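Asker: These are the residues of each chain, in order.
Protein chains: 2
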Amino acid sequence: MLKVAVDAMGGDFAPEINIIGAYEAALDNEIEIILVGNEDTIEDFLQEKKQLKGRITVFHTEDQILMDENVSTAIRRKDTSMRKAVELVKAGKADAVLSAGNSGAMMALSFLLLGKLPNVDRPAIATVMPCLKGHFILLDAGANVDCKAEHLLQFAFMGDAYHKALFNSKSPRIALLSIGEEGSKGNEATKEAFKLLQETNLNFIGNIEGKDIFFGSADVVVCDGFVGNIVLKVGEGLAEALMKMLKRDIAELITGRIGYMMIKPAVKSFRKKVDYSEYGGALLLGINGTSLICHGRSSAKAIKNAIKVASEMAKKEIYRRIAESLKPTEDIDEGKNTVNGLICS
Amino acid sequence: MLKVAVDAMGGDFAPEINIIGAYEAALDNEIEIILVGNEDTIEDFLQEKKQLKGRITVFHTEDQILMDENVSTAIRRKDTSMRKAVELVKAGKADAVLSAGNSGAMMALSFLLLGKLPNVDRPAIATVMPCLKGHFILLDAGANVDCKAEHLLQFAFMGDAYHKALFNSKSPRIALLSIGEEGSKGNEATKEAFKLLQETNLNFIGNIEGKDIFFGSADVVVCDGFVGNIVLKVGEGLAEALMKMLKRDIAELITGRIGYMMIKPAVKSFRKKVDYSEYGGALLLGINGTSLICHGRSSAKAIKNAIKVASEMAKKEIYRRIAESLKPTEDIDEGKNTVNGLICS
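Protein sequence lines, in the order shown, are assigned to chains A and G.
In this text, residue positions in the first sequence follow the numbering used here: the first is 292, and each later residue adds one.
In this text, residue positions in the second sequence follow the numbering used here: the first is 292, and each later residue adds one.
Bound-form chain A, shown alone (with noise of 0.2 Å):
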């Protein structure tokens, strides 16, 4: 059975949340999970699901890392909940780990702990999206603000290859996000991996332009971090924002109630498919092991899904798979397929 490690004391809504949700993934599915954090805390709220016992344990930390602190600082602590948790997975007591608590914590700790795979440079957080046509994987989503050329080639193989083993599929359509269609359109960075990517043999379709990415024109969004967590935030403040803005209009309405009244069931599983919480937390790409980060106000359904979503990496060895992906070519036969050492499979 595989072992999520789960930072107890991380998000905004901790530890309860956390608490409920390791609770409810324990019940649907065949996962071991450990609570990491203070144990007094935990158990107040353990205690009436005690037939879960032997599925949820909990490890004992004293110390936690705070939502806005300082990373560098944060990281150093040694006995910090968040910690503990990835270093569950590096002592390979863990098969997984999860943290809703300061994202730049989670990030530094992972990379520092676990390590970053061979070739990669700089990890990155890949967040699952819906589109019109199912889903699209976005990164950078934030783990790199400034990037160059090279970054978001890595970002590209990364993406490509985490794709293939979330969805099965053969050949996912790789876009660089930019501001037109045109290879000579954008800033310095995305100009320059333009050229870098064509020279690939991933399926790359060129760049995307805003507009286009909720419609479903490709299946991995290229961008660097600083870009990337704007535009997921802006999907979701946008999404909340226009559903406030059309129900104000139906308010309005004289016939607005019962007309929302016959439509609520469509709104409801509307608000499912736009719901982040649905999606269970970003995977870090590039780590050597599977590490998730969760949105700081996940609720209890995000942290269970997450759980569920970090199992299910960790089984299919996604890291693995990345590492596979960027492993140098000893054998080039047309020098082509080689892109600043990296094998374009």
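There could be a bad hint or two in this list.
Copies of one chain are not kept apart here, so a pair can be met inside one copy or by any two copies together.
As the list claims (entries may be wrong) - Below, a list of computed lysine-lysine pairs in the DSSO-like style, where the Cα atoms sit at most 30 Å apart: (1) LYS535 to LYS461; (2) LYS606 to LYS424; (3) LYS592 to LYS559; (4) LYS599 to LYS294; (5) LYS369 to LYS476; (6) LYS535 to LYS524.
To be clear, the hints were calculated from the coordinates, so they are not data collected in a lab.
All values derive from a computational prediction rather than experimental measurement.
Since the structure of chain A is already known, use the hints to place chain G on it.
Answerer: Just chain G now, kept in the frame of chain A:
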């Protein structure tokens, strides 16, 4: 009466859309319009609208700039409709100019022919966007892809002056688009700009995250043109995709059809609110004159509204107000009120 020069040959649906838009703008408003482009083509479309002949004149040009043409070569040609339209403003024969054509070329020609304001390094594109509580101004929306902190600072000053002129506001809330609320979050340029902005007398409210912009948390949202253009287009695409997803879900319900009929007026009024064509183009800030860039896919309504906005902006002489707000101080009393040679307030 104010005169607006319209590049009749610019845009995906030129010249028809521009001519219809101009016609409707002239019908509704006290504006004189100069349609710049191929006389024969324009006259063909105009022939049935003779009653407006006095209010709409045609300025003939043989050449035109194509949508995806290389900017540096396109702007060198002397007889293009876009160039001639801008030249009319330069010569004082028109008060404002607009084009739905190649936006890079329109920006470059406005910059080149009208000149930039003193103390402006980079003109910026400012768009008015709808949100839960009215509107906010986003800039730069695509003029400058790689920006330094000083450029972001200038955008903030220009956005401040624009908001004051457009909405008669006293002290618009200026925010920097970033990936965290703290000043320590962001890329190199935003982190540096955060510090510079703190030293000004602008009503700088700090960083804003993507999820908050559509809730009306700031009046002016500052970012580089790469990020701004992506945010603009993500917003446009997502609103469209979400409505499609929702409609699809509604269509699957038995009560969906009748329910939808009941809320339809709300959907319509909502659509109007989020429809870019209601806002009629984006103003180029930092230029010594009034120049608007319209969406390439502009409808006749969008052109009509843009012409109206252009004449209002010209009437308010926004560019003079911006010049005023950027004027270097000669009398520095505290030092603190001056950043990079700009008066701060």
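Asker: Work down the list of hints and note, for each, if the structure agrees.
Answerer: Status of each hint after checking the structure:
1. In this assembly of identical chains, the alpha carbons of LYS535 and LYS461 lie at most 30 Å apart only when taken from different copies (28 Å versus 39 Å within one copy).
2. Proximity of LYS606 and LYS424 under a CA criterion of 30 Å is satisfied intra-copy only: 27 Å inside one chain copy versus 46 Å between copies.
3. In this assembly of identical chains, LYS592 and LYS559 lie within 30 Å of each other by CA distance solely inside one copy; the values are 16 Å within and 34 Å between copies.
4. Only within a single protomer do LYS599 and LYS294 lie at most 30 Å apart by alpha-carbon distance; the minimum there is 11 Å, versus 64 Å between protomers.
5. Only between protomers do LYS369 and LYS476 lie at most 30 Å apart by alpha-carbon distance; the minimum there is 24 Å, versus 46 Å within a single protomer.
6. For the homomeric pair LYS535 and LYS524, the shortest alpha-carbon distances inside one copy (17 Å) and between copies (21 Å) are both at most 30 Å.
This entry satisfies every hint, going by the numbered hints stated previously.
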